[in-house]
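**Student:** Residue-level listing of the chains:
There are 4 protein chains.
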Amino acid sequence: MAEKIKVGIVGGTGYTGVELLRLLALHPWVDITAITSRGEAGVLVADMFPSLRGYVNLAFSDPAHANLTGCDVVFFATPHGVAMSQAPALVAAGTKVIDLAADFRLQDTAVFEKWYKLPHSCADILRNAVYGIPELYRDKIKSANVIGNPGCYPTTVLLGLTPLLEQGLIDLNVPIIADAKSGVSGAGRKAEVATLFAEASDSMKAYGVAGHRHHPEIYAQLTQLAGSDLAFIFVPHLIPMIRGMFSTIYVKLSDKAQQVNLQAVYGQRYAQERFVDVLPQGGLPETRSVRGSNHLRIALHPQLNGYLTILVVQDNLVKGAAGQAVQNMNIMFDIEEHVGLEVLPLLP
Amino acid sequence: MAEKIKVGIVGGTGYTGVELLRLLALHPWVDITAITSRGEAGVLVADMFPSLRGYVNLAFSDPAHANLTGCDVVFFATPHGVAMSQAPALVAAGTKVIDLAADFRLQDTAVFEKWYKLPHSCADILRNAVYGIPELYRDKIKSANVIGNPGCYPTTVLLGLTPLLEQGLIDLNVPIIADAKSGVSGAGRKAEVATLFAEASDSMKAYGVAGHRHHPEIYAQLTQLAGSDLAFIFVPHLIPMIRGMFSTIYVKLSDKAQQVNLQAVYGQRYAQERFVDVLPQGGLPETRSVRGSNHLRIALHPQLNGYLTILVVQDNLVKGAAGQAVQNMNIMFDIEEHVGLEVLPLLP
Amino acid sequence: MAEKIKVGIVGGTGYTGVELLRLLALHPWVDITAITSRGEAGVLVADMFPSLRGYVNLAFSDPAHANLTGCDVVFFATPHGVAMSQAPALVAAGTKVIDLAADFRLQDTAVFEKWYKLPHSCADILRNAVYGIPELYRDKIKSANVIGNPGCYPTTVLLGLTPLLEQGLIDLNVPIIADAKSGVSGAGRKAEVATLFAEASDSMKAYGVAGHRHHPEIYAQLTQLAGSDLAFIFVPHLIPMIRGMFSTIYVKLSDKAQQVNLQAVYGQRYAQERFVDVLPQGGLPETRSVRGSNHLRIALHPQLNGYLTILVVQDNLVKGAAGQAVQNMNIMFDIEEHVGLEVLPLLP
Amino acid sequence: MAEKIKVGIVGGTGYTGVELLRLLALHPWVDITAITSRGEAGVLVADMFPSLRGYVNLAFSDPAHANLTGCDVVFFATPHGVAMSQAPALVAAGTKVIDLAADFRLQDTAVFEKWYKLPHSCADILRNAVYGIPELYRDKIKSANVIGNPGCYPTTVLLGLTPLLEQGLIDLNVPIIADAKSGVSGAGRKAEVATLFAEASDSMKAYGVAGHRHHPEIYAQLTQLAGSDLAFIFVPHLIPMIRGMFSTIYVKLSDKAQQVNLQAVYGQRYAQERFVDVLPQGGLPETRSVRGSNHLRIALHPQLNGYLTILVVQDNLVKGAAGQAVQNMNIMFDIEEHVGLEVLPLLP
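Taken in order, these protein sequences are the chains called B, Z, P and L.
Under the working numbering, the first residue of the first sequence is numbered 442, with each subsequent residue one higher.
Under the working numbering, the first residue of the second sequence is numbered 442, with each subsequent residue one higher.
Under the working numbering, the first residue of the third sequence is numbered 442, with each subsequent residue one higher.
Under the working numbering, the first residue of the fourth sequence is numbered 442, with each subsequent residue one higher.
Rather than coming from a laboratory, the hints here were simulated on the basis of the structure.
Nothing here was measured: the structure is a model prediction, and the numbers come from that model.
Among the hints, a few may not be true.
Because identical chains cannot be distinguished in the list, a pair is counted as satisfied if it fits within a single copy or across any two copies.
[Said to hold, decoys possible] Below, a list of computed lysine-lysine pairs in the DSBU-like style, where the Cα atoms sit at most 35 angstroms apart:
(1) Lys631 <-> Lys693
(2) Lys445 <-> Lys697
(3) Lys583 <-> Lys631
(4) Lys581 <-> Lys447
(5) Lys558 <-> Lys697
(6) Lys693 <-> Lys555
(7) Lys631 <-> Lys555
(8) Lys537 <-> Lys697
(9) Lys631 <-> Lys558
(10) Lys583 <-> Lys555
(11) Lys558 <-> Lys537
(12) Lys555 <-> Lys697
(13) Lys537 <-> Lys583
(14) Lys447 <-> Lys693
(15) Lys631 <-> Lys581
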């Protein structure tokens, strides 16, 4: 490449923001030119996140004065609704947009409005936005102007089920069940009682059982992959760990699946995917095996009565957020997909 | 009562042992007369567990010299196989036995031998042993000589499903799925790499997916409660917390269940049960809400397609082990069931 | 006793509040008649703290309408400044006051105002208030109307040093150093970023090195115990555990101390104290050995050059706050000191 | 460089071993040619440490058959005593040795033998070995054949005190006190009850107060830096976090120090040191700010009576072990010091 990519980050004070900085600060083809925060304008990024001392010398800038249209790409690590308010101007200026919030994940704006309590303000841009799972939509990502970077739970469930759905190996008369578990960083860097150390440590709970925003997102993608309707039950849980996501998925296999080597199906589907690792059958992945890295690991466990349990682990802040966003950026700018993402998991 | 119960504990150096001591040391009707440990004979209990300083003044005694037949009841907090080797002599001497291991949980000795790799040495005593969940078998426990104290996972799954099974409210053509999560103390106080702090902290995993010893135990009880065969899928997970067990159970309701107020069914079934707490519908129990106490909490979440999710929490060392054992002892000796178990959960 | 004590709690929604409830709910001589919270008036206590379901049936009441003067004693588990605004009316009505905040800890109002940024509004009541460490001031507590319940750090440092200071065994030309460590619950149940699980877990830090409010409190008591001025260095640290406080104290012994058996000095000083446990010399107390209990444990470690290291552990929410408050109440109402406090530590 | 360095690792199954692999697997100038383990010979490294799947394709080899003398450098991540048994043959073959255990840290073999209960078998090689803190001994490291890679605690204490000692700014009549705190990974990947999750979580303790092997190591270096004798008190604590080390150091400053800007002294001393970060005065470093990285951060806090508190944080497995070892290797092989160590801390 001739020149570095000029990157802007809107909303760099949350966990996806600092995670983008950790990855992009050492990305050889990236020049971070602006990072904005309304509340922290003027504060040195490294004063808020001392882990970046010596590596990120920028200060947060006021969104009003940041020259984002001068960037090649802007990441939105913001609450829902911010990206869609700024995307039209950026797209018009030829700046690509990668939104880590939900503004460009759901093609059905009515569903978006129901779950996010916001009217969608740029349905036309949404229509051309691409749902950013490289392993599913790599070709579209290449030429996309706007990426809806997937939610953390959806990434695990979709990559966990894709090989089966693509080949019609699930009996869709029986609901697909995803019992999912997330580390607490998934709740974000917001001051809230429920995620205090003294509340969330040495304990666990389910939440959002009656309805979680990732349900419609997963559902929309599952039906698309299946090419038909289906039923999907989703129960997320909060686990006392900082990072890490573990999805335990239960499906009833179709008759067709009885004649298939499922392990081989997964192996072949992901053979060329650097960040998706299919464990040998019966494998027991730990979330720490991907701590800090962009990898996602999958293991298959056949059960009685033609059921299959699929175990999926990822780091919710990397493959489930910032890492996948960088992977999308690499694809959009024709950089090798793993550049800037060669970070080995921290174990122990 | 006229006199205190003379209690012996065999194998007091593990977590169920120290938990028995925590509860029994303040039990007004109990006199702990012996606590044995082959490896630690002569060591003061309070030197090994300083939490008991001033409350337990006994030393561990050599099993060979402990006068266990002089006890009214002996708890076995030992590896599998120990209780059955000593139960015949104790029963002959009129001493009651409460085994916290698996020797008296499975009536089918072939199943026992398959899963525990031990021949069962006293099938006759086993035949008269009672599976010690008071909420299911209180009357039998009253007159039992030998109690097989249930496993931790089984207690959550069985109490979570009993109201449905007793009334035929589950469609047994569809497998019952229990996605269960346990704190690390469930693995016991054994020196093992996998449960080191630096291995098990800030991470999680599934284990025993291909087969866990609690599967046959749960299965045997479920079929008995259902009065028919059924399919049961069980996936346990290890969670980075000391105590606490969370079972997320998925069932397909029967047609009959459509005309029933499930919340009321649970409420009525457990109305007189001091230690089983049915939360209002949609409740989200946290494991810390029972930390250190003998309570078990249940919440119901209806799902799409006639499915129901049941959430169950308990402290694996209390209602899942030592607390339930004391509850059984109280019943056997005609003491009010809550005596010695009035310990409020530690929150935060 | 003839009748139960009528107890009011002001501010029951924080950690010291719920801890008071845990202890008082089972106290045989207590009747909790009111618990107030401006923000949560009308909410059932057990809905906020499900650990209390079935044991505390009260709802939070509006402070404006709670009949606190009808109580025998009122505990203030509130921010600093609340107790002193209400104490005059309560004292006038004959209601005793136990303040778990700092309003009645510092006799010097100028020091109070410097550190707490509040003018002191009832210096006369303060003058008769007693600093509530039973092991130091039991006789005064008996007849006190108002108790300033000590801070958590001060309890450890003062009980750790009392035997030495009372007998002139410290060389006061050399600063006393207290390197103290606290679990995160010490920061309270306030929504703040710094104490989120994802911030405070798997990490540690010092804080308040330039000045912590417990420094003047400890300093005032130390000089009183020593009967002379001295220098005191205090560095608190935040540790990723829910409960627990560990103070490592470094002193230079006086010449007189060379002829004294320090272990015996501590043993004799606390021989009659049920909640202060002196370990054998060289003991290594763990904070979990007092988790959930009102005990405080001390161990002595002689060092080179005539220095001594004193290790002190307590549960910051019990002996460091609510438990000590109940202990004070028992003394004020002539109840045996341990009643309601016979709770064994939770280990593991 | 023309060719890659051929690296061998002896004892790759512990935490320093896997940490070496994490760093070396992506080091552009390193070719890992052998990794040995007596117990795990034949096992794929990535089967034991799934975090390395796809990055380390070696199997553990039997030490008896590994061609270590064919390596350019061999790291010993072994128990004490192993490196000194193999160093003579390696040195004779021209292979450099970096020992992460203690065999080459203490020049006084009598002290070594007292603390490690082993006779020292190669005093001549020890005499030429260099204590591997680059910031102190870079020039000697360049030409060394054998490096005694420092202990984790010593690295923090020595780098925390070097600027003061080099310039005579400490009053050595008063003991230097280091109150040090370590994450549990410091205890290694050994099956032991004391470091089980259920033992070490949600609790803390001091240990080794009566004598810790790092005391003589620190003491020897301190006296050398000071050029005179001194007194050193060291109290290590075990903290419930995986990685991270925090040393709180208390010194009495010399009169000379009163006329000196200490902050500037530290700033200048470490101005050229990429991995030592001096925070602005009053800074409050968190251990997570260096999680996974080779950085060490220092902050100064002046106290009353001419005392100074120095706060030092590092990751015990990186700058405290494997990272420093790689830094030493880079120096020995004339590679830029940061190569392979550009890993940003994982926060959160």
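**Student:** If a hint holds in the structure, say so; if it does not, say that too.
**Tutor:** Hint check results:
1. Lys631 <-> Lys693: neither (39 angstroms within a copy, 38 angstroms between copies)
2. Lys445 <-> Lys697: neither (49 angstroms within a copy, 51 angstroms between copies)
3. Lys583 <-> Lys631: For lysine 583 and lysine 631, only the intra-copy Cα distance (34 angstroms) is at most 35 angstroms; the inter-copy one is 46 angstroms.
4. Lys581 <-> Lys447: within (22 angstroms within a copy, 43 angstroms between copies)
5. Lys558 <-> Lys697: Neither: 42 angstroms inside a copy, 37 angstroms across copies.
6. Lys693 <-> Lys555: Cα proximity of lysine 693 and lysine 555: in one copy and across copies (30 angstroms, 28 angstroms).
7. Lys631 <-> Lys555: Both: 23 angstroms inside a copy, 31 angstroms across copies.
8. Lys537 <-> Lys697: Neither: 42 angstroms inside a chain and 56 angstroms across chains, both beyond 35 angstroms.
9. Lys631 <-> Lys558: Cα proximity of lysine 631 and lysine 558: in one copy and across copies (20 angstroms, 28 angstroms).
10. Lys583 <-> Lys555: Within one copy only: 30 angstroms inside, 56 angstroms across.
11. Lys558 <-> Lys537: within (26 angstroms within a copy, 51 angstroms between copies)
12. Lys555 <-> Lys697: Intra 37 angstroms, inter 33 angstroms, cutoff 35 angstroms: inter-copy only.
13. Lys537 <-> Lys583: within (11 angstroms within a copy, 48 angstroms between copies)
14. Lys447 <-> Lys693: Classified as neither: same-chain Cα gap 47 angstroms, cross-chain 51 angstroms, threshold 35 angstroms.
15. Lys631 <-> Lys581: Within one copy, since 34 angstroms is at most 35 angstroms while 46 angstroms is not.
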